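Asks: Using the hints, put the two chains back together into the complex; each one sits in its own frame.
The listed protein sequences correspond, in order, to chains G and F.
Residue numbering for the first sequence is 0 to 344, as defined by numbering that gives the first Met the number 0.
Residue numbering for the second sequence is 0 to 171, as defined by numbering that gives the first Met the number 0.
Derived from the structure by calculation, the hints contain no laboratory data.
The model shown is predicted, which means the values in this text are computed figures rather than measured ones.
Take these hints with a grain of salt, some might be off.
To give an idea of the chain G side of the interface with chain F (calculated C-beta under 7 angstroms), a few residues [to be verified]:
| no. | residue |
| --- | --- |
| 1 | V132 |
| 2 | S151 |
| 3 | I155 |
Here's a subset of chain F near chain G, in silico, CB distances under 8 angstroms, partners left out [as the list claims (entries may be wrong)]:
| no. | residue |
| --- | --- |
| 4 | L42 |
| 5 | L46 |
| 6 | F50 |
| 7 | L73 |
| 8 | G94 |
By construction, the Cβ of each residue, glycine as well, lies at the ideal position given by its N, Cα and C atoms.
Each chain is listed here by its residues.
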Amino acid sequence: MFDLLATGAKMAVWMTVLLSVTPVMVWVERRGAALIQDRLGPNRVGPLGLFQSLADAVKLLFKEDIATLESDKFLYTLAPMLAVVPALTTFVVIPFGPDIEVAGRPVSLLVSEAETGALLLLALASLGVYSLVMAGYSANNKYSLMGAVRASAQMISYELALALSVVAALVPVGSLRLDHVVSYQQGTWWGFLPHWNLFPQFIGFLVFLIASFAETNRLPFDLPEAESELVAGYHTEYSSMKFSLFFMGEYMSMATLSILASTLFLGGWHLPGLDYSGWWVTAATTGLLVLMAKAALFLLLFVWVRWTFPRFRFDQLLRLGWKVLLPLAIANLVLVAALTVSGVL
Amino acid sequence: MEVAVFAVFALLALGSALVVVLHRNPIYSTMSLVVTLISIAVLFVLLGAPFLAALQVLVYTGAILVLFLFVLMLLNVGAGGRGPDRLGQKIGAVGASAAFGVVMLTLLWGRFHGFELSPLTEEIVALKPLAKQLMTTYLLPFEMVGLLLLAAVIAATALAKKPEVRLPREKT
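This is chain F alone, in the form it adopts within the complex (with noise of 0.2 angstroms):
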């Protein structure tokens, strides 16, 4: 049972990934990759960690992917306006899915070869402890997420900002 559920889902994060990558249509491949996050979901709650596969869709499918579209829409980018046009953007992306699939490989190696990886357990994806945790061991770097992000708010608030006309005020 759990291995045809580990198989349905990791066959589609595998598949709708490579919609994402191989799509014409911008939407579609955001449509894809709400698909490959989900799947991915599953696969954490398999692992055990349930609390972590409801973070993922809540906050990157909930929301950071309707952002994605919400953009996508109001810049009205339809099929095809998008291909790998520069190259120094097609080289840029397989340096960097290479150099991903190097660590990933050198982990996957590594784990059949004595180095010690540690298994999520209950005690750091629970709900509980994973908040004393983050309330305790790794408050400090907790802490700095959080100022980064507010940080990236504000700049992002003070670009967007338009500056100031002074316009003669209309007879309301």
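With the rest of the complex left out, here is chain G (with noise of 0.2 angstroms):
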């Protein structure tokens, strides 16, 4: 009873955070667009504008849902309840928070302690390109279908980089667990650097960088759904609550890849010089923080990115995938391998 509880309690962490990450970031993304672009963004609806995305929610869920005629109609529903599927179940293995004592029993501040952690949570991400590829196919039009094709082929070149990048952060630990991950990366370098999976493997993680920009299509890899070429790509034909779970999928997935990159390099809830041993509560709060803020600088940067830069070319995105990308992630892979079996790492 108390473990269902203490499990039940954890998954509601994790939901509040992910479901409350779209709103946020929606407002974040179209104040952040109009900063870079000296405008002012949405700044109507309550203080600096941040009920704007409040307002839109309701504006979805009363819009009328339109499917057209010669849809595929089973798949057409389906596609957008997989598409956050993937980012509300990966987060089962990122612990988000130290070992805490909860009335004199042990409790591990992490859902599932899986052994196979990170490849577990790399094979339920890869499953998140089904609904993009049903919603392209089962709209029945050609844009929404070169979205598909697209989707496709995009996200199973640069999973390879990406998941060559996470094995190469896990070889040091020794383990797939994503908690064994974080407390190898406690403690630091001659007293001041932390002991950060960054240091060592920059190459690695500027490779999960990359990648997962592919990974959840955004910009300057958004290719699956570029406006100017194919109307509104994969879910050209919906509207609604289902176009905004398309939309709160894409945002979910951008979370959790952020969390898992704070967690695989940045030494995920833990912040060398923080005291983590005091009152359950406070123990897991500060945990849960650290985690945030450090995700929260990689959301803010794909922000940054998307109005930075344009898009790519399809062509040119495949070469880097494949010829630049995947090359540097098996190089990274023979290094840190090479490091870690001669005892530098």
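Replies: Written out as structure tokens, the structure is:
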């Protein structure tokens, strides 16, 4: 009973974080875009326009749900549901705080202690492409189909580089579990440099970062929905809540990958110098806040990049994935393995 | 609990496998194959092999089936684009399934008649022992499979490469 409650509480924390990411990020994105483009952005609803997302959510809920006559109804309905599934399941293996003690019982702030950890996360995340493909195919529209074709080729290509950079981060740890990854990264080098994977594996970190832009279909890699060529790509025919599920899926995947990047390369919930030994509530809150602060850096980077770089051409995108990122990821993996075996890491 | 999970996912695997074979739309067949493979991954977990389950989802549903879909969509094979057209194909399919069925039934029969089958144990399927075995006992087959895949990749590249045509260079 206690374990069940603890697991439920941990899942509730993650759900709250992930579900609140979308409205906040939409606001950040629009205000950020406005800042970069030297205009004002949404500033009418609430202070600084903060309630704009809330108003948008209500608007989307009440919009008419349109489906074209020629669409494949079953897949057309299934696709938006699947869009949020990977983002809402991958968090189970990510820890958000130290092992704490509640009412005399040990609780680890990690939903699933599966041995396969990071691999399970990659497996679940790799299912995300099906929602895009289904959406593009079922709409029975050539632009949607082109979007789906692009999405499948793109996500397969970048998944390899992404997975290889994740594997490299796991090599010195010697475990697939992300809580072990975090505990490995505690402490410092020479007393001031945090013992984070970021420093010895800077190449792997860059590869992960670039590949995660492609995996979430964000600019400069948003070819599956390139609006100047494909209307809106795979979700051209979607409206109302179905459309907003794709929207939420994209933002939640961004959040998940940002949290994963913080966990793999920036030491996760741990920050040298902070005290995690006190009362369990403060310990857990500190852990969660540190993790969120690190993830927020990546989310801001996502926004910054989106409004700074133009879109790639599709052949450039695939060339970058296969001829630059993949060799770099493999080289990084070999380097890290050699360093680990020789005892440097 | 375990029996219930097994029942649900075994039925799901069987049902979706039937859809794979019987549905006329190849896109639906591929999607059902996704369901089949995920259900089998769940059965792997029940057998105490979560590592194999994760790999199954990652490699098969996450990569290989996406490529199936990619090709199907690129060729735009819609509904009704497939049927058991050729007689030879039908005979081949039935023959192969029958042969596979015979093998499986023989194993099942042997299971109840004193034929020893070693079950999956932790020493075989857990991450570290599996890795160790791949790098020691089964190193040669492991490397050979790798070589085979490499050969296939090179062959595919060679086949797909267009013969070089010399065109007058456009001014850029």
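Asks: Indicate, hint by hint, whether the structure satisfies it.
Replies: Hint-by-hint comparison with the structure:
1. Using the Cβ-Cβ criterion of 7 angstroms, the hint placing V132/G at the interface with chain F is satisfied: the shortest such distance is roughly 5 angstroms.
2. This hint holds: S151/G has a C-beta 4 angstroms from the nearest C-beta of chain F, less than the 7 angstroms allowed.
3. Because the closest C-beta pair between I155/G and chain F is about 5 angstroms apart, less than 7 angstroms, the hint holds.
4. Residue-level restraint check for L42/F is violated (minimum Cβ-Cβ distance to chain G is 15 angstroms; threshold 8 angstroms).
5. Proximity of L46/F to chain G is violated relative to the hint, the smallest CB-CB distance being about 14 angstroms (cut-off 8 angstroms).
6. The beta carbon of F50/F comes within 5 angstroms of a beta carbon in chain G, closer than 8 angstroms, and the hint placing it at the interface holds.
7. With its C-beta approaching chain G no nearer than about 6 angstroms, L73/F sits inside the 8 angstroms limit, and its interface hint holds.
8. Against a cut-off of 8 angstroms between C-beta atoms, the interface hint on G94/F is violated, since the closest Cβ of chain G lies about 32 angstroms away.
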